[in-house]
Structure formats: structure tokens, C-alpha cells
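Both chains are sitting in their own frames, so use the hints and assemble them into the complex.
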Amino acid sequence: MTDIQHKTFLFDATRCIDCRACMVACSVENKIPMNKTRIWVAGVGLKGEFPALERASMVYHCMHCNEPDCLSACPVGAYSKRLDGPVIYDPKKCIGCRYCMNACPFGVPHFDYDKGLIDGAFIDKCSMCTQRIDVGLEPACMATCPTGALMFGERDELLKYAHDRLTAQPARYLNHVYGESENGGTSYLILSHVPFKELGLPELSSTPVRDVSEAVMGVTIPFALGWGAVLTGTAVGVHMVNKKKEADAQKLETSEPQAEEKK
Amino acid sequence: MNLQIKIHPRFQLKPLVIILLALMGLAFVIAMVRYANGIGAVSNLSNSYPWAFWISFDLFTGVAISSGAFLMAAVVYIFELKEFRPLVRPSVLTGFLGYMMVVIALLVDLGHPERIWYMIIHWNHTSVLLEIGLCVMSYLTVLAIEFAPVVFEGIKWQKFAHFIHRFIMPFVILGVVLSTLHQSSLGSLLLIQPAKLYPLWWTPILPILFFVSAVTIGLSMIIFESSISARYFHRGLEIHLLEKLAKVIPVILAIYLLIKFSQLTLAGDLKYLFTGGLMSVLFWAEILIGVVTPLILFSIKRIRKSPNGLLIGSIILLLGMILNRFDVSWFAIQHPDPLTYMPTFMSAVHYFPSLPEVLVSVGIFSAGLLAFGLAVKYLPVFETNEDQHDIVS
Chain A
388 MTDIQHKTFL
398 FDATRCIDCR
408 ACMVACSVEN
418 KIPMNKTRIW
428 VAGVGLKGEF
438 PALERASMVY
448 HCMHCNEPDC
458 LSACPVGAYS
468 KRLDGPVIYD
478 PKKCIGCRYC
488 MNACPFGVPH
498 FDYDKGLIDG
508 AFIDKCSMCT
518 QRIDVGLEPA
528 CMATCPTGAL
538 MFGERDELLK
548 YAHDRLTAQP
558 ARYLNHVYGE
568 SENGGTSYLI
578 LSHVPFKELG
588 LPELSSTPVR
598 DVSEAVMGVT
608 IPFALGWGAV
618 LTGTAVGVHM
628 VNKKKEADAQ
638 KLETSEPQAE
648 EKK
Chain B
-2 MNLQIKIHPR
8 FQLKPLVIIL
18 LALMGLAFVI
28 AMVRYANGIG
38 AVSNLSNSYP
48 WAFWISFDLF
58 TGVAISSGAF
68 LMAAVVYIFE
78 LKEFRPLVRP
88 SVLTGFLGYM
98 MVVIALLVDL
108 GHPERIWYMI
118 IHWNHTSVLL
128 EIGLCVMSYL
138 TVLAIEFAPV
148 VFEGIKWQKF
158 AHFIHRFIMP
168 FVILGVVLST
178 LHQSSLGSLL
188 LIQPAKLYPL
198 WWTPILPILF
208 FVSAVTIGLS
218 MIIFESSISA
228 RYFHRGLEIH
238 LLEKLAKVIP
248 VILAIYLLIK
258 FSQLTLAGDL
268 KYLFTGGLMS
278 VLFWAEILIG
288 VVTPLILFSI
298 KRIRKSPNGL
308 LIGSIILLLG
318 MILNRFDVSW
328 FAIQHPDPLT
338 YMPTFMSAVH
348 YFPSLPEVLV
358 SVGIFSAGLL
368 AFGLAVKYLP
378 VFETNEDQHD
388 IVS
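Sequence lines, in order, name chains A and B. Numbered by our numbering, the letters in the first sequence go through residues 388 to 650 in order. Numbered by our numbering, the letters in the second sequence go through residues -2 to 390 in order.
Here chain B stands alone, though its shape is the one from the complex (with noise of 0.2 Å):
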């Protein structure tokens, strides 16, 4: 018998995930300065800005980047386009991914991230922060249901995915509704600070506008993902599939862009719109960037073919859009100036993240990159052939 052994190294200790242990670690260590002397010693957040660069990048722009899970599932699983299915399980993965981050950078940001659970059985029913909390600890218990099936066909116990498989559409329903309450929530979030949040961004329809803003964000991350994914784990692009993506986008962004400049328009804050000095210029901004140039771009039939194309338009959308949420939960807050109300030492006069304070949202964004190279290296997460689970038969 002729024996031939050959080894297959399964984890390949590349510059890339050096660098990401790296980060991860580092960030480790400001955690626990942070949970040791407190969230002052490393971050630069004080009484005039409770709030600011861990907000605006870990809550509101990974609650907004993850939407793509239940946009897929929802296409999928709801209204039977069973030709997305390739995209439904990358998505769903990056939605979960996404939430986990989220939920860790909290765990940094909440004074007492010990008492986290504490939602479950205070509740304060007027506040919206309460139902964010609910619905983000429930959709992450639905997309690791909705994700279980690839982890147990990944370790070959197809009788669990299968029996998953047989009851998901509750949890799919179930997975749309709270996205779609707490991605339009995560403006209501701002509601409360029609004193402090400038004109061109307050409105009482900002849940709306964060919707539709998050349901453009979903798609773009998928385009973005799919064709990052493509180039780094060289596999094929459905392209096909991303181009069909692609000519949803500018029809949702042109429903944006009337939303927001009725409101604008019906509010009488069109003034803003030039007298804002750096207001005005960070609407522009997102306005151009996250509106005007993706809806340009994904019309135009070329663009959408092309695989450059796609990444282009879906990278500059999301930096658009993400300008958008940190505009609305740090930029466009005006606080009071803290010279006339507040003495100095109670509250800084001025804000600029600290070193520390990106390192931990950039450590567990790599943490979020390494689990994902991970599970699509060791689960079926692109793989589609005719007997997973994916389907409703």
C-alpha cells in the first residue's frame, strides 16, 4: 500500500492576520486600562461629549453597515427570489459580525457593562435606547439561528440544520421587523435632542430617513463585501446578481433625496442649506457622496457591469452614508459651550477622539475581520450546492 501523507497547513499565519492579532491585542489592553481607572484614561468623552467617536463609528455606523442580513433574508426567504441565495448566507455572516462588534464596543463605552442585562428586566418603556437594546439582543439571537445551519453543516451534523431549516421563516419575519424597528430607531435616538442637533439634521421623520438610509447601506455592503471577498478568497463574483443589487440603489436613493428635501423644504430649514458655515458643508458632503454620486453611478448601465464599478460606487455610497451617521451623532450635536455653563474641570472644551479610543473600535473592527476570513475559511459560507438548506422547498 503506498501511503502518501501530505499536510495541508489549515492556518496560515499570513502579514495580514498578524496584523489583526496585533490590533485585537492592543486593544485588549486599552479595554482593560479603561475597566481599570476608567473611561476618561483612555478616551477623550467628557460631560459636554458623553457621546462621540465610539457612538457614532461602533453603534451607529455597525448597526447601519450590518442591514444587508436581513435585506438578503428578506429577498430570499420572503419574497422567493431564490436567485439571490449565494448572497443570503456572506450577508447574514457580516450581519451577525457586525452585531457582535457592536455589542463588544459597548461593552467598552457603558460605564457599568456588567449591569448590560439590566435591559432585560428594568424597563423604561418611553425610552428609545431601551427598545434598541431589546431589539439588537434579539436579532443577534435570530441571525445565530439564522446562521446555524452553515456551522452545522460545516461540522457535517446536517439533522440539526435541517430541523433549523424547517422552522426558520418565524425567525426570518421575526429578523425583519427588528431590523426594521431598530435601524429606524437609531434616529429616533436623536429625537430627544431637537435642542442640541442642528436643523438640517432634526426632524421627527428621522426614523424613516434612517431607514431608507440603512436599506442603501445593506446593499452597498453586499456589493462591497461580495467583491472584496472575491479578489481576497478568489472566488467568482455574481456578478449578475450585484448588477441586479446595483439597479435597486438609485431608486432608493432618489426616494431619500425627495424625503429629505421635502422635509427640508416643508420645515422651512432650507436656509441651512448655505448659512451653516461647517454644517452646511458636512450636508453637502454627505449629501454628494452618499446620495448624488452612488445614484449617478448605479445608473449607468456600464458602471453596474463592470466589477470595478460596482466597488467604487458601493465604497463611496457607504463613506457617504457613514459621514451621515457620524454627522448626526457627533458632528451636527451642538453642545452647549461648556465656558459659560460648566466649569473646565468638570468638561473639556473641546473634542478629538484620543489615540485609545480609535485603537478599540479599530481592534475589534479587526476582530470582526478575522472571524469572518475564519468562518469562510472553515464553514460553507459561499458554497452553494443543491442540498444545503438554504431554500424553501
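One chain only, chain A, in its complex shape (with noise of 0.2 Å):
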């Protein structure tokens, strides 16, 4: 999928030291108030025993898919794929159904279960800080990350990066890079020395996950005229036969003499 042309992060799970000053970054950027976050920092803490301690961290959010299966969800189109990356959400078409949230496989989208009708309950999940890559930043998370464990730039030149890392120290990483092909490929990548199920991130193929939903509703319309033509024309016909047999039966019963007095 090195054909795709847009911005990416690259994440090294090798380089994070779980600072989360990503994490403060972006929700200074963003404002998002202290109780929610569109970053967490994912990971199954500590392990092994002193003083052979080890632990791995990532840092988790929108893996911004190249086939994003909330767009594919939301009845009202309220996410859209910006061409250079972004998977962003419009609050203003929002109906609050929640169905991107189980449509996701990361889990990503969340939602402000905490405000009422007047406050306005939204989905949010990170936007790729699109407000400063249209004037040639970087997210802020990326901006602040102090040990280059999250890189951003173009796809393909950030995968030949990660494939050269791979090659350069296999003894440091598994031989993968997630994000590659996972769900169609995403724009988030990531280097890892644990299996990345211990980082949160769960096992996909590569065919997006709204592939098999999408496909039934391909045949949706063709089905239903094709049923409503069935329906119609078995009506027409029971309605045919039973007038038949009506008409017969009351010709028997005029072909009888004592019948001819009818109401």
C-alpha cells in the first residue's frame, strides 16, 4: 500500500518512555478539558521481576485508516478522509448514535457521556491537529514527543524509514510494522519489540473491516426492488386464481336451476 500519499506517524515503541507530554500537548492544542483526553498512552505496565523489570508503552490514538470504518458506519456521514490523511469528524452532523464507536476496531471514537442536551454530547477523537498541518506544522504531539518515539511526514517515505529500521536493528524489533496493511493500512504505524497485542492494538487482516457490511449494502436497493417486484407480482397472481375460482364457482351455481335467486 506504498502507493498512498499522505501524512503519517510513525510510533516507536522502543523509544517511548511513557512521559506522556504528548498527551498534555494535546490537549492544550485542542482543549480538551482535564477529564477527557484524545491520547492515552496504552500499555500492560511492568513485568518480570526485579531488577529484570521491563515494560512497554505506546501511545494510542485515531489510527486515521486509509478505509475508515466510522466513515463507513455514521448513517449521517458526519467523518470524512481528508487526501492528505486526516479522518475528521463534523459535530454539526452528529446524532449521537454511537455507532462509530463500535464500528471501530481500535476503539478510537469516544464520547461525552458526562453532558446533557444543552452542553451538546459530541463524539471526539484526534483530528491529526489538522489546524497545524495546513500551515506546515507538525501535531502537536509529534512536536512535543522528546525522544522521537512519534515521527510524522509522508506514508511511503515514513514506511521505507520503518522497513530501514527494521533491517538496520532486527534484533530490536519484530519483523512487522503495524499500520501497514492492518484494516486496509492506517495512517499510524508502529515499531515494537512486544507483540503489539500487549500494546492494546488488536490482530486485523488486511481487508478493512467494513468490507463485508459494505458489500450487503451494495445489494440493499437491488434486493428490495427485485422483492417488491416479487411481492407485487405473487399478489397479483393469488388475486388472479382466487377470482378464477370465485367466477367458477358461480357459474356451477348458475348453472343450477334453484340457484338463480341471489343476493
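It is worth saying that the hints were derived from the structure and are not from the lab. Only true hints are included.
Here chain B is said to cover these stretches of chain A; the calculated rule only asks that three of the stretch's residues, wherever they fall, bring their Cβ under 8 Å from a Cβ of chain B:
#1 455 to 461
#2 475 to 486
#3 489 to 500
#4 603 to 614
#5 619 to 628
The structure displayed is predicted, hence computed values, not measured ones. Where a beta carbon is used, it is the ideal one built from N, C-alpha and C, also for glycine.
Structure (C-alpha cells):
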């Protein structure tokens, strides 16, 4: 999927020190209230016994899939995929059905469960800091990262860079770039030294999860028309057969002299 | 002139009615708290569990148990099996009220209930939920039209009843098409979760399974509701008709069983039948209660001929099939473990419905029951005289 030309993150779990500066930077840049966050640091915590302790963490936010399932699922089209990468959400269209939260295999979109009708409860998720990348800046999380665990750039370049790292230091990494093909490719690539599952990432095939439901949706209208035609045909057919039966019965009756008098 | 004035109290506040009204009031208060302080204020829904009790009970169960309406309309109007006429009105009424309850529940569950009509103007054609939304809105209109003659007869506007009846056929066909679409699409709704729904349930043919099971649910619902209203409203039971419906159920259940197990075999998912722990238990529970037991019961003539047998059989089928709807839309959805990927302040680790959450659904259901009772009391729902317009002539 190297032909996709758009902005992408590259995250290197071996470089993340779990300082959470990215969370702070994101919340400040996007004015996220204290009890919410668009980024979370995933991981299983400490492993092993002292002194051989180990821990791995991952900065988790929207994967900006090339074929976003949230976008496919949203009934009112509140999601869109920009040509330069970001999957963005339009609160003006959202009806709050939360189907996108079900659809997203990564569990990214989250909802304002604490807001009533007056405040307005919306979905929130990473927007790739479109307000910054539009003026040539990098997303806040990446710009803040002190260890270079987060990188940002063109997808093909970063993908090549990720593979270069894997070949240069095969002992350091698992030989896989998560997001290169997962769910049809994502704009968030991950390198890791621990199994991706431990970082909270689901095992996904290269077919986006939306494919089956979109295939079913594709046959809906033809099916509806066909089914309607079949039913109409049946109704007309049954009616004609019944009419004929009735007429035959009447003929029988009229042929008999006593049956002349009818009401 | 001997004038006798006899007062018939038309509306008695029986204890049941008072309880139903109280439950409705409670649900209304909870809904107001939810509108003021958010969904989290009354329910245990969270970022890990965006859909749970409300969707499983109100949407999945509510739509499924309303399927009797399109079945009876099809049987009587399209196949002209006129003997089933007495069952049309009650099942259309059940359907109409069922869908009303679905819509009212969604008005509580949606984050922006005031925008529910956005589905009419903003279309995302790849969304299964859009299809369901549009189908439910249109079908509710169709059901209103199908039921309108009863209302007009009730208020003695025979001309209007006649008028609607002359043009009923296109609406019946539209109603059957819309029902087929959204009964199956409720299954399609879960197709986007192959990574989350347990493999015993996730399959590309979910829409087919949903439609087939909806037919059995609809038929059982007609049996159930006729039996109950015969007892409660002291009217005759059309047992010869119900027996015929009950006779069809085992056939459809056998088809369902065949499709389900062929699919599991072909997909290579048979191994999960015994290795899935709680998931395997849930699966066997829904198959044994919802499919196998009623299949056996309704195959026995003596049970089909007895009012109690019909009632019990239909209740067992409904319980099992409702468990199926809860399984696919809630119990069998494997949410990613929030501990590994989401901070706890963003998400609950476990989900169990809160009391207010359940009470909202109970209140809406009570409203439905009450509306059914009132309609039966004041409208010719169960009456079938010769001059009524329930028949294609």
C-alpha cells in the first residue's frame, strides 16, 4: 500500500519513555477538558521481577485508517477522510448514535457521557491537528515528543524509513510494521519490541472490517426492488387465481336452476 | 317516559393501570435527568460499551417482536388467506406500538435526539444504520396507514376507512419489503464488527439468520399476544388459526438450525461450540431454548391444540430468540480490554446495566402495554364483522 500519498505518524515503542508529554500537548492544543483525552498511553505495565524489569508503552490515538470504518458506519456522514490523511469528524452532523464507536476496531472514538442536551454530547477523537498541518506545522503530540518516538511525515517515506530500521536493527524489533496493511492500511505506523497485542492493538487482517457490511449494503436496493416485484407478482397472481375460482364456483351455481336467486 | 340513566365508567383505574402509569412516570423523570446531565448520569454505558442494554432490549428485541405485523399483512393481503383476518388488526397494532417504543427509546439513547431527522437529509449510503433508520421511519408510517381504518371505524368515519382501504395493497407490499430489509439489516448492523463479535455469531449471513428468526419471533408473538389478550380481555381464542401458525414454526426453526450449523461448519467455527466458555454456554442456551425446544413442542399436535401448550411454547421461543438478540448485540461483543488501552477515567472496565437504565426501558414498555389496552378497549381491534374493510374484495 506504498502508493498512498498522505501524512502519517510513525511510532516506535522502543523509544517511548511513557512521559505523557504528548497527552498534555494534545489537550492544550485542542482545548480538551481535564477529564478527557484524545491520546492515551496503552501498555500492560511492569513485567518481570526486579531487577529484570521491563515495560512497554504506546501512544494510542486515532489510526486514521485509509479505509475508515467509522466513516462507513456513520449514518449521517459526519466523518470524512481528507486526501492528505486525517480522518475528521463533523459535530454539526452527529446525531450521537455511537455506531462509529462500535465500528472502529481500535475503540478510538469516545463520547461525552457527561453532557446533557444543553451542553451537547459529541464524539471526540484525534484530528491529526488539522489546524496545525494546514499551516505547515506538525501535530502537537509529535512536536512535543522528547525521544523521537513519534514521527510525522509522508506515508511512503515513513514506511520506507520504518523498514530501514527493521533491517538495520533486527534484534531490536519484531519484524512487522503494524498499520502497513492492518485494516487496509492506517496512517499510524507502529514499530515494537513486544507483541502488538500487549500494546492493546487488535489483530486485524488487511481487509478493512467495513468490507462485508458495505458489500451487503450494495445489494440492498436491487434486492428491495426485486423483492417488491416478486411480492407484487404474487399478490396479483393469487388474486387472479382466487377470482377465477370464484367465477367458476358462480358458474356452477348459475347452471343449477335453484341458484338463480342471489343476493 | 321512563328515563333510565346508567353510568358505565369507561376508564377504570385498575391496579395494573396505576402500576403502568407509575412506571411510565418514573421513566419520564429518568429521561429528564438524562437530558439535563447526560447519558452517563443515568446509565452505565461507557466508551468501552457504547451500546448495551438499551440497544439490545429496545432496538433489537423491540423490532424483532414487532415482526408479526408484516407477516399477517402478507398472509391476508398478498396470499389472500382470508381466514387469518382476525389476527391482522392485533398484530398491526402490536407492530405499530412496538416501533413507536423503539423510536421513543432511541430518543433517550441518542446523544442528539433533536437531530434524529438528520437521517432524512444527510445520507451516508454505506451505513447500515442509515438503512435501518429510514426503513423504520417509513415502516412506522406504513403501519399507521394500515391501522388507520381501525381508528376511523372506531370514530365512525366509515368513508375514510373505505378510502384508505381502497389503496391499501401498495402499502402492504411496501411494508413487507421494508420489514424484510430492516429485520435482516439489524443483523447487518453487526457485520462491521468481525473483530469484536464472537465467531459463533459473526458471519456474513447474519442478515439471513436475522430474517428467518424474525419470522419465528413474529409468529410466536402473535400466538403469545392472542393467548394473553384472550385471558385478559375475556374474548375468544382463535385456536384453530393459532394452531396453523404454530404448525409452520417448526419448519422455519428447522431451516434456521440448518443454516446456522451449516454456516458454522463451513466457516470452521465448530470448535468454538465447546471451547468458548461462557460464549459456548450462551450459544447453546439460545439454540436449545429458542430453537430446539419450540421445534419439538410445536411439532406435537396435542400441544398445538391446547391453549396452554401454545402459550408456553411461544414464551419459550421468545425467550430463546430474545437471548439471541442480546447475545449478538451485547453479550458476545468482545470489547478490547480497557485496562490495556484506555485510561480508566475514560472507560468502565465492566458493564452491567444500571437500575435507571432498565427502568427507562420498563417505562417505555409499560406505555406500550397501556396503549395496547386502551386501543383494544376503544377501537374495533378484535371485532370482525362482515362489513369491515379488512379484506381484499
